[in-house]
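Colleague: Okay, here's what each chain looks like letter by letter:
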Amino acid sequence: MSDATVSALSPAAAFLSGVKTSLTSIYTLVMLGTFVGISALAHDYGFSLWWLAAATMLMWAGPGQVILITALGHGSPLFEAALAVCLSGLRLLPMVVTLLPLIRRPATRTAALLLPAHITAISMWVESMRLLPPMPREQRLAFTNGLGLGFMIPAHIGSLIGYYLVASLPSALTAGLLFLSPMSFLVSTSRNARMLVDRLALGIGLVVAPLLAYGQIQLDLMWTGIIAGSAAYAIHRLREAMR
Amino acid sequence: MSTIGTMSPYLVLLLVGFLPNEIWRILGVVVAHGIDESSEVMVWLRAVATGVLAGVIAKLIFAAPGTLADVPLSVRLAAMALGFVTFLAVRRSIFAGVLAGEAVLIIGAVAAGA
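Quick note, the sequences are listed as chains U and X, same order. Be aware that the first sequence starts at 161, since it is given in our numbering, and climbs by one per residue. Be aware that the second sequence starts at 64, since it is given in our numbering, and climbs by one per residue.
Any given hint could be a false lead.
[To be verified] Examples of chain X residues lying across from chain U (beta carbon under 10 Å, computed):
#1 M70
#2 L76
#3 G80
#4 N84
#5 V92
#6 A117
#7 A132
#8 V134
#9 R139
#10 A166
Bear in mind the hints are in silico, worked out from the structure with no lab data behind them. The C-beta atom is built at its ideal place from N, Cα and C for all residues, glycine as well.
Given the sequences, and given the hints that come with them, work out the whole structure.
Modeller: The following block contains the structure:
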């Protein structure tokens, strides 16, 4: 394809090319696996498949959805569930802030940026940051929309598979499905933890959380975040100061 | 879903799931210029967010749901540990880590007669 034909792509063609790119990305496999796991959890905690599909479209954040399902399923107060979801969603802010300058043009209305912001998640963000820079600016918005919405296809398919598998497999295998979320979150979070402070927060949190739960502390998710995050940050500051 | 009570689960989804999550994306659109990701407050907030995620991981292992709770805690912890070590050993591959952890968990579950 020559540059002339690339830049001549209509918005619809750019959108479709985004969808196609998402379906051939490695993240499509990640989405399938992640949502098989989330769906198994949703089934076990008594949420319907329609509710999960709505949650996927409205939240579009794997960790946030697992937090919401787990917190509500364990009978946490709604306020704590909302706070935990809110804290976990924080990582979306720097993603949106770094993505939008790549797709915005002088003529782009702010309203047109709401969809790409809504479908921003780790999968779409990583692929966009890699694929957008060499692309003509006028087709980036449609391409990004196609990419983000395309990743929702394997997510919904994974949900469908997980929901029915967990109800029909032998118990050792359903335990395996329920284990998918904690296992994949542990490795993907430590992979995404670029700085020492993030790795420390993860490690300290894994130790603090069971202690707080053992002590039957109220709002344990929130306290785990604050204690582990602040302790990690304090160590980070100490190290900086000693340099 | 015990805390939902009489509230519609979809209303709960909007108020407790959608809004607190979406606020960051909206904020990202509004302030797209001028947020310094490396500022001290952001570093602390990101660490707190990571801590919350760690809390959820621990919750799903220690207070496991459904059939996962029938698998002995020692097996659950061993599967997490071996999955993580495999992840570190195999070029930080998420796939390898998850695969190893799953294998240990399922074999352990069968061996324990869960």
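Colleague: Against which earlier hints does the structure fall short, listed by number upward?
Modeller: Those not satisfied: there are none.
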